[in-house]
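Colleague: Residue numbers (the working numbering), protein chains in the order written: chain A, 47 to 337; chain B, 11 to 205; chain C, 27 to 412.
I should point out that these hints are in silico values taken from the structure, not numbers from a laboratory. Treat each hint with caution, since some may be false.
So the derived label-pair ranges between C-beta atoms look like this [to be verified]: (1) D220/C - R307/A: 36 to 46 Å; (2) K232/C - D269/A: 42 to 52 Å; (3) P390/C - F203/A: 42 to 52 Å; (4) R315/A - Q401/C: 35 to 45 Å; (5) G134/B - G333/C: 55 to 65 Å.
Chain A stretches covered by chain C per the calculated footprint, using a threshold of three residues with CB under 8 Å from any CB of chain C [claimed, not checked]: (6) 111-119; (7) 313-326.
Note that the coordinates shown come from a computational prediction; the quantities given were computed from them, not determined experimentally. Ideal placement from N, C-alpha and C gives every residue a C-beta, glycine not left out.
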Amino acid sequence: MLNIDDTVNPVEPFLRSDRMPHIWCPGCGIGTTVNSFARALIDSKIDLESLALVSGIGCTGRVAGYVKLDSFHTTHGRAIPFATGLKLANPKLNVVVYSGDGDLSAIGGNHLIHAARRNIDLKVICVNNLIYAMTGGQTAPTTPGHATTSTNPYGTFEPAFNLPHLVEAAGAVYVARWTTFHVRQLARSISEAFQKKGFSFIEVISPCPTLYQRRNKMGDGLDTMKYYKEKSKVKHGTPTSEVGLTLNGEIAVGKFVDRDRPDYQSMMRAQYVESLGERYIEEPEVECVCG
Amino acid sequence: MRLTEIRIAGFGGQGVILSAVVLGKAASIYENGFATMTQNFGPEARGGACSAQLIVSDSPVLYPYVTRPDIMVILSQEAYQRFAPELKPGGALIVEEDLVRVSDLKGDPKVYSVPATRFAEELGKRMVLNSVMVGFFTAITQLLTPDAVRKAVADSVPPAFRELNLKAFEKGFAYGTSLEAPRRSELEELTYSKE
Amino acid sequence: MKADPHGVLTGTHFIDGDHACCEGALAAGARFAAGYPITPSTEVVERFAARVPTVGGTFIQMEDELAASITLQGAVWGGAKAFTVTSGPGFSLMMEHIGYAAMTETPCVFVDVQRGGPSTGLPTLPAQADMMQARWGSHGDYEIIALCPNSPQECFDLTIKAFNLAEEFRVPVMFMMDEVVGHMTEKVVIPPADQIEVVPRKHTRKSVEDYLPYGSNGDMVPEMAHAGEGYKFHVTGLTHDERGYPNMTPQTQDKLVRRLQNKIRAAVDRICLFEEDGIDSADVVVVSYGITSRVAQRAVQMARERGLKVGKLRLITAWPFPDQKIAEIASKVKALVVPELNLGQMVREVERAAQGKAKTIALPHAGGGVHNPDQILNAIVEAIRC
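Chain A with its partners taken away, still in its complex shape (with noise of 0.2 Å):
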């Protein structure tokens, strides 16, 4: 006999539910992402006590208050830095950052780059919307061309960023794409990029009714659901060049890159013991700060 309680959802105990409801729009994805994040807590058995949350800002920078985690919701596109910091000051943590496309890969984008090329162990949730939704739906540069936003009223023209090919060129050890329509498939990724030493970084593609599907006349999050289950293909291991996204288009998902690199701890422990023997003090001297 199953031992389910079903009046909990087996996710609030990831929630800040004194926090609920939350902001975003009816038809929104990000919840849904949210919800497969705490499923795959739920598979992983990951210890909570050791995970940190780090979001920048924008509507998925939100998911840092929501969460019951040790959480940051920090500057805009500083959420990578940050947790870089967090990471390097304690190694014991298992570091997420959890942020939208505009976030990560525009005023974020050089931060993205650089910690992809470190191997900086840290697990990226890029929630990917296609627009800046926040502050009214603007262009991104993960637009599509010819997509409508309220910069570009007459549809966009300027080339899109293909995240996955971004990232795996910079140095990404793990990569891969889903949308909300696959659930279980993304808590899977994101359980197997736990597994993994070095930067994860997950794209989800994810719909905001409110301004883009709506502006795009590509109708309500239900109409969207239904995009994504026709319009995706799964291409595991399909090489990342070709996983650029059209206006409603094809959507290349699964897990493109799974590799190992040896991380920027690793890298940094081996050169430090070449370099310095036994003068080499990896851990700082335990003092207690406690006041």
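We have chain A already, so just place chains B and C on it with the hints.
Modeller: Structure of chains B and C alone, referenced to chain A:
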């Protein structure tokens, strides 16, 4: 140790900065006086001309820059052209004999030359020319006690080169001491007053 | 508590201000620095990069100052004492994160080795023109602390003080050096570790259930917890309540922002360090800070040799500004002469605090060098005559 302004100048690789560090250490650490050293930074300091300013005194140094050096140590012709005119009238000009041709001197300085590079080469390593120069400086200026400068040389150079640098110091010091007494005593008449 | 001996390079050294600042940070217990190269400050982190692997800690060179100034704050919440080092252009880029540190009450130190500006300005030459930026550079209302060393020895001593104040008040502390002090080499005495007082982090001892991350204590400084300890706290740059939860109402804003201000203002007497000499019998007092205070001291000496009654006040703490001290002095003297390596920054504060009781005379210098002591002497003579 009256307030004395010193400029040491040459080109990169001659140990200009290290010479100033050694003399500054001797004054402030081993003689319990005060010393302030500044260097010229900026593109012009890379590769070519290199210069350090040192002020030593028996009271705290307040104004950080050298304006009219009482003593100038010059290790290259380029440095000579650039800095010699700044020397205080009646000041001491110490030059690397083989690298600096002294001409067009104004202000009646006392000039002291030493073939520091040649001495260093005779000792087996050209790079210790700065310690030869420091030894010569110590003998000529009598500003600092030789023991204080010896200690400063010893703890400013890598341990493997300590002995060689001390030898170089002694070489320069002996050469300075051997110069005719009248020539050395001239310097004692220098007024270091700063008004 | 006493300093960790591993980080303390006890002895008598002949080093420059940048290197002394690094040694001060290590002695204070800093085990994390994030930086980005910029003249004339880079020597601080170069030395830290060389020293810290043998002490136990981390240096990371980030991709820019935006990153450096927030990476260090991540490290603080991970449990480290951390700092960054920069100069004018980099300091400008760090402003948003100074506000973040003030808002989230992240104890940390920002070292600014000031050079001539605006913009790229004079990379290798001094100025003191970031003084107002240090105070007001980030948006919104907040308080910071700023210290101004005038020698390599003080670059050591006051860096420790900067970390101690940061921890005590949970506030970002600006360490306002200048190119001359940074690049000047002098004797620096580093005492044994057991003679160095270090303020530990104000870490909570409360249980997870009782802990309020931004709860006000008697002294207005909340207790801190680190990530990974089970407190599951939330930190945000948004206006937040005592739980640390965003709460964007005028009431919460008022309570929070006033506390951020008052925790510093209530302790001004303790935070404000200065050095004074001959003020009681003075007709004129020279108010200065940083490298300019040494040149001013020379001018004061010269004036006294001429029989003039001149006092000096050296601001060691520039922010918070010692209003009361200036008001007291102003009520006793004819004039306050304020030389500084900018076109008039701290002189505005002096004039404000003097409340018209004494004449305030600005002695600006655009930077790239220091005043000639004669300039300051002339200003003193002029001030006494009028």
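Colleague: Now tell me if each hint is right for this structure.
Modeller: Status of the hints after comparison with the structure:
The beta-carbon spacing between D220/C and R307/A, approximately 45 Å, falls within the hinted interval of 36 to 46 Å. At about 50 Å, the CB distance of K232/C to D269/A agrees with the hint of 42 to 52 Å. Between P390/C and F203/A the Cβ separation comes to about 51 Å, which falls inside the hinted range of 42 to 52 Å. Distance hint for R315/A and Q401/C: a CB-CB separation of about 55 Å, inconsistent with the stated range 35 to 45 Å.
The given range of 55 to 65 Å is respected by G134/B and G333/C, whose C-beta atoms sit roughly 60 Å from each other. Here's how the stretch 111-119 of chain A fares: 7 of its residues keep a CB closer than 8 Å to some CB of chain C, so the rule of at least three is met and the hint holds. Residues of the stretch 313-326 of chain A lying with their CB closer than 8 Å to a CB of chain C number 5, which satisfies the three-residue condition for coverage.
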